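Just so we're aligned: the sequence shown equals residues 1 to 762 in the UniProt record's numbering.
Don't take every hint at face value.
[What the hints assert, rightly or not] No more than 30 Å apart at the CA atoms, straight line, and that leaves these computed lysine-lysine pairs for DSS-like:
#1 K124 <-> K209
#2 K14 <-> K502
#3 K611 <-> K124
#4 K487 <-> K14
#5 K487 <-> K128
#6 K246 <-> K209
#7 K246 <-> K261
[As the list claims (entries may be wrong)] Simulated restraints, written as ranges between beta carbons of each label pair:
#8 D58 <-> S655: 47 to 57 Å
#9 T411 <-> S216: 15 to 25 Å
#10 V367 <-> W325: 54 to 64 Å
#11 A452 <-> Q193: 32 to 42 Å
#12 Y519 <-> M624: 39 to 49 Å
#13 T5 <-> R82: 43 to 53 Å
#14 A452 <-> P12: 55 to 65 Å
#15 Q193 <-> N349: 31 to 41 Å
#16 Q149 <-> A452: 45 to 55 Å
#17 I649 <-> L705: 25 to 35 Å
#18 T5 <-> D58: 53 to 63 Å
Calculated from the structure, these hints are not laboratory results. Keep in mind it's a predicted model, so treat the numbers as computed, not measured. Don't be surprised by glycine CBs; every beta carbon is placed ideally from N, CA and C.
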Amino acid sequence: GLFVTDYFTRTPRKLSPFRSFASIELFHFHIPEDTVIAVWNLITFKEQGGTFGDQCPDRSITVYFRSGAPSVINPLHTHFPRDTAVPGSFALTLTWTLPNRTTGVFNVTSPLPGDWFLAAHLPKDEGKISVKGLYEECQYLFQPQLIVQRLVNIAVLYPGYVTEQSMAPHNRSCLYKVFVPSYTSRVLVEVLQCHGSEGCPLWLRVRAKAPPLHNSTALDCREHAPCQLALDLPFWQHWYYVLVEKHPGVPGPVSFQVTVKLTDCSRPSLARPPFLPSSASMNMPHSFGSAGGLALGDSPPPASPNGTKHPVPVPAASPAGERCWPVRPTLRNELDTFSVHFYIFFGPNVSVPPDRPAVFVINLLPVLDSGGVLNLELRLNVSSLCGENVTVFGCLNHEVPLTSGDNTSVTCETESLAGFLLSVNATASLSRLRIPYPQTGSWYLSLRSLCATEHGFEPCANVTAEVYLRAYLSPCINDCGIYGQCKLLRTNNYLYAACECKAGWNGWGCTDNAEAFSYGFQLLSTLLLCLSNVMFVPPVAIAVRSHYLLEAAVYIFTMFFSTFYHACDQPGIVVFCIMEYDVLQFCDFLGSLMSVWVTVIAMARLQPVVKQVLYLLGAMLLSMALQMDRHGLWNLLGPSLFALGIMAIAWTARSIRRRHCYPPTWKRWAFYLCPGALIAAAAVLLYAFVETEENYFYIHSIWHLLIAGSVGFLLPPRAKPSGRLGPLPRRKGCGYQLCVNEQEELGLVDPAVASINSICTS
């Protein structure tokens with residue numbers, strides 16, 4: 001055949017350590033139909049400070065692959081919520097081959113067409129809290145590239161027609177495909193008139209959606225005559241690929257005929273007629289919502305395709321009890337993103353008759369619905385059982401309904417299909433099923449009522465069970481509970497939701513409490529972070545006693561908002577917010593920086609006017625800086641260095657003018673300035689290098705105590721009044737002193753008409 005190669009790439013993204021699915025990087029690809037091989041080239045490289053990170057440590061990178069929906073991963077081995085189905089996925093770990101770059105390759109032969117998702121992350125770290133901009137962070141960038149090779153012009157088999165083929169000696173196989181419409185219960189592929197040098201040296205392989213593999217359903221035509229391969233319960237609205245492969249080492253050409261028969265389950269005694277409506281005769285898919293009716297219209301037979309012969313229709317043998325039942329559609333009601341309810345007509349109470357199953361279809365839209373959670377709930381109305389020991393089994397399958405033909409063992413699995421089983425009875429009347437990141441397409445739910453006997457389950461007699469059925473799509477499982485937050489995430493144009501847990505809770509729905517914080521621990525951490533701000537009371541008292549009223553007001557502001565910010569910032573349930581979180585955070589950061597600013601400016605002992613101007617200018621500039629970046633290093637370091645520079649200039653000028661070191665006394669240096677500076681330096685070191693997520697509550701409380709304590713040491717004493725500030729001595733000699741009317745000075749009379757009523761001679 002003729003091969004075409006397509007190439008796809010994605011922009012490199014920075015990987016993060018795994019904490020939850022919200023911390024992974026997700027990549028979305030689309031593989032076209034008829035693809036025979038897909039090769040992912042996984043490129044990873046390090047960066048540090050804009051250059052290659054040769055000095056960065058090697059950290060393993062885990063990549064997950066899944067077709068149809070994002071991978072449901074669990075690298076921390078946490079517990080999933082109850083009644084949750086976990087779909088499987090491929091996983092690959094990349095190791096470093098070069099100091100700053102590594103490449104991995106992942107091959108998939110005959111991949112399923114449609115959407116493919118890659119998820120990548122770094123291993124979980126120790127949770128260190130680093131100050132942004134303190135040092136150049138090592139970044140690990142990941143870029144996947146996809147190369148696909150697909151076949152073009154694959155021969156199409158038409159049901160009921162015979163296709164002749166002669167395989168040349170240098171050819172090894174022939175590939176065909178046939179489209180299977182809805183309500184097809186069986187696909188029969190047959191090789192006829194096979195002639196070769198050694199009988200019929202052919203293998204017959206069949207696979208849905210993609211070309212067959214070595215482990216696909218296969219039949220050796222040398223050992224089976226006639227060479228027929230039957231597939232029961234095929235996927236609806238999909239292509240099936242037929243591979244006729246020659247045994248290795250067989251000389252000479254091989255000629256054969258291949259035909260396909262489709263059994264219509266609405267008419268199980270006959271094969272699907274070869275003459276169908278025009279769209280079906282061309283084997284093109286109908287609309288995805290075609291489920292609902294059973295009858296298939298007939299039309300005059302079209303002209304025979306090239307290279308095919310039209311045989312006489314032959315009745316197809318079908319297994320006993322092989323028939324399909326009416327499929328009841330559901331009404332889709334979209335409330336919000338990943339918030340969709342599927343309503344049943346004349347529901348939600350469903351009657352399940354004893355003689356046949358009740359089948360429903362739930363259609364999930366491609367791409368749009370795969371980023372949420374599909375929820376299913378069955379509740380049995382026990383009063384409808386009339387005292388019988390009835391069990392209602394529900395079987396949820398993807399792309400084809402599955403009803404058990406054997407009443408003694410009810411399962412949702414066959415040799416080629418696997419579904420999800422639900423059951424309700426008088427003892428357990430409620431059953432739930434949650435499927436995170438479900439594959440899109442049609443999901444079929446088959447409900448069947450059976451009675452338990454000594455010999456197993458048998459059909460009930462004249463008992464119609466009533467079941468409450470609820471199906472809906474939600475962003476997260478139970479909205480992540482009280483210890484989690486459901487986040488809506490986006491990668492390019494693809495939306496998905498994931499839980500971000502807190503207070504030590506883990507798991508897909510934040511239900512794993514193996515490392516959870518107890519209520520006492522949460523209360524203790526909240527009280528430590530809040531009550532440690534009481535240490536600002538002594539600096540406030542010192543500032544008021546020293547007549548530093550503006551400084552005292554700033555310290556009170558800092559103490560108030562730091563207390564309530566940490567009361568609102570707690571991860572657990574011990575939370576108290578007096579206003580919006582963002583406002584509290586801004587005020588806490590502003591108060592902390594202003595406390596440092598006004599303390600250092602006060603230590604400079606500037607003129608009152610200059611000091612007040614610097615206070616106001618600092619407040620405005622700090623507000624602007626915090627609005628741009630609240631976690632940047634220079635938000636704290638910049639104002640501190642600027643204020644220290646002003647203080648150093650003022651102290652140097654005063655020392656030069658007085659010809660003496662300032663402050664002049666050794667006691668001021670030994671008992672106030674040096675201890676205060678050491679305490680402040682210790683606080684900064686704890687904040688920048690020691691603080692982690694695990695020790696945050698007590699290290700940050702110590703930070704509060706040290707910062708407040710350093711302010712009490714560094715705040716200068718009250719300025720002593722100078723002789724120049726007293727009343728000026730009276731001048732001796734002749735002269736006049738003009739006394740202004742008191743009413744005029746108070747603004748009580750018009751200055752233009754005010755009279756001078758007092759002239760004092762000196």
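Here is how each hint holds up against the structure:
1. Distance restraint check for K124 and K209: the Cα-Cα separation of roughly 37 Å exceeds the 30 Å cut-off, and the hinted pair is therefore not satisfied.
2. For a cut-off of 30 Å, the pair hint linking K14 to K502 stands: about 23 Å separates their Cα positions.
3. The hinted pair formed by K611 and K124 fails the criterion: a straight-line CA distance of about 49 Å is larger than 30 Å.
4. For the given pair, K487 sits about 19 Å from K14 by alpha-carbon distance, which is consistent with the 30 Å threshold.
5. The suggested pairing of K487 with K128 holds, with an alpha-carbon distance near 23 Å, which does not exceed 30 Å.
6. Our distance criterion of 30 Å between C-alpha atoms is met by K246 and K209, whose separation comes to about 22 Å.
7. Taken as a hint, the K246 and K261 pair is honoured in the structure, with Cα atoms around 23 Å apart against an allowance of 30 Å.
8. Checking the proposed 47 to 57 Å range against D58 and S655 shows it holds: the Cβ atoms sit about 54 Å from each other.
9. Restraint check, T411 to S216: a C-beta distance of roughly 23 Å satisfies the suggested window 15 to 25 Å.
10. Between V367 and W325 the Cβ separation comes to about 31 Å, which falls outside the hinted range of 54 to 64 Å.
11. Separation of A452 from Q193 is about 52 Å and departs from the stated range, judged on CB atoms against 32 to 42 Å.
12. For the hinted restraint 39 to 49 Å between Y519 and M624, the CB-CB distance of approximately 41 Å keeps it satisfied.
13. At about 47 Å, the beta-carbon gap between T5 and R82 stays in the expected band of 43 to 53 Å.
14. At about 59 Å, the CB distance of A452 to P12 agrees with the hint of 55 to 65 Å.
15. Between Q193 and N349 the CB atoms are about 56 Å apart, so this pair departs from the stated range of 31 to 41 Å.
16. In this structure the supplied range 45 to 55 Å holds for Q149 paired with A452, their Cβ-Cβ distance being about 54 Å.
17. Range check, I649 to L705: Cβ separation about 31 Å, and the 25 to 35 Å hint holds.
18. Range check, T5 to D58: Cβ separation about 33 Å, and the 53 to 63 Å hint is violated.
Comparing the model with each earlier hint shows violations of hints 1, 3, 10, 11, 15 and 18; every other hint is respected.
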